[in-house]
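Taking the hints into account, I'd like the entire structure generated from these sequences.
End of the sequence shown = 418 in the working numbering, gap-free, step of one.
Just so you know, the hints here were simulated from the structure itself, not pulled from any lab data.
As the structure is a prediction and not an experimental result, all values here were calculated from the model.
No residue lacks a Cβ here, since even glycine has one placed at the ideal position from N, Cα and C.
It cannot be assumed that every hint is accurate.
Cβ-Cβ distance ranges computed for the label pairs, FRET-style [stated by the list, open to error]:
#: 1; residue 1: D359; residue 2: L147; range: 52 to 60 Å
#: 2; residue 1: L399; residue 2: E148; range: 41 to 49 Å
#: 3; residue 1: H114; residue 2: L147; range: 25 to 33 Å
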Amino acid sequence: MTPDPELAAWLRLTLVPGLGGERQRALLRAFGLPRQVFSAGQAEVARLIGEKLAVAVGDHDSNAQVEAALAWCSEPGNRILTLADPDYPPQLLEIPDPPVVLYVKGRTDLLAGTALAIVGSRNATPQGIANAESFARAASRAGVTIVSGLALGCDAAAHRGGLDGAGSTVAVIGTGADRIYPARNQALARAIAENGAIISEFRLGTPPLAANFPRRNRILAGLARGVLVVEAADRSGTLITARLAAEQGREVFAIPGSIHSPLSKGCHKLIKQGAKLVESAQDVLEEIGILDAGDQAGAHDENLDEEARNLLDAMGYDPCDIDSLLERSGLTADALYPILLRMELDGRIATLAGGLYQRIERDR
55 MTPDPELAAW
65 LRLTLVPGLG
75 GERQRALLRA
85 FGLPRQVFSA
95 GQAEVARLIG
105 EKLAVAVGDH
115 DSNAQVEAAL
125 AWCSEPGNRI
135 LTLADPDYPP
145 QLLEIPDPPV
155 VLYVKGRTDL
165 LAGTALAIVG
175 SRNATPQGIA
185 NAESFARAAS
195 RAGVTIVSGL
205 ALGCDAAAHR
215 GGLDGAGSTV
225 AVIGTGADRI
235 YPARNQALAR
245 AIAENGAIIS
255 EFRLGTPPLA
265 ANFPRRNRIL
275 AGLARGVLVV
285 EAADRSGTLI
295 TARLAAEQGR
305 EVFAIPGSIH
315 SPLSKGCHKL
325 IKQGAKLVES
335 AQDVLEEIGI
345 LDAGDQAGAH
355 DENLDEEARN
365 LLDAMGYDPC
375 DIDSLLERSG
385 LTADALYPIL
395 LRMELDGRIA
405 TLAGGLYQRI
415 ERDR
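Shown next, in the form of structure tokens:
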């Protein structure tokens, strides 16, 4: 591997302890490239960031970390993008606090295209999972890159949907790019690295620290033209992403849900605050300027037999217990249970805690 002195200087700047992104950018504005920062006098640097940090800029030994990062960057599929790199995502240059470096595993070309962020609850309902995946699939098949955070629940479903189309998907993570969290998403992460991209602003080896996940959300929102919130509780991290998107001038979309569901409260709150209510992927695609998306709403009940269609009508769209289903459908228990089992195996309904059933709309 041939060392890249310019990239090494960028890495060294971001590895100074206590020197956050705001101060890194202040030094770059004042002196130019990182090598010019390090060649400036300590007094000049101190006037911008204080004496203690100026000493750290001059004295901190990060050679081992820089060499490790350069070695990682030399591996196939890995890149480290700096603010001066022509492949740096142009959308991130529009936000107030763009990361000084980005570690990228996978396709850097996806970072410059039209993107939609899809986020939601980690403890999503079956319908939330289905919505995240189907909205993502429809958008990806229309050429839109799906951005999410690789969390369990809605994020993972959005990535799966994104991988199913030409737009593919980008995962913005809150750990180092050499670590995957949560471990349950290891296989999904490998698929994203091969066919999409995983990106992080955090130095290699960074563990899953709670404070880093809200920070990564500004990148998640910044990469996209808009953010779609699938499900969210009234007080949730998902709403942080929506707020950041609004502050960055991005569109915010929300899928409404049952007034009885705690995971609909956040979406309804966003809608009250001005987020666009959406019922189909087409609604989102039209808003972000994808005019040739086609009608994504399929006749998804065409293959159901009459018994199943009648039972779905009786079930409605809110979770329903077995006694209510018996009363509404007029069926006996012996007749009802086989139909429920058949529809559950077909992915038409899901069983919830407390013995409840809920229909799942799969094509949006």
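Hints, one by one, checked against the model:
Between D359 and L147 the beta carbon distance is about 55 Å. The supplied range of 52 to 60 Å therefore holds. Taken as a hint, the range 41 to 49 Å holds for the pair L399 and E148, whose Cβ atoms sit roughly 47 Å apart. For H114 and L147, the hinted distance range of 25 to 33 Å is satisfied, since their beta carbons lie about 27 Å from each other.
Checked against the numbered hints above, the structure violates none of them.
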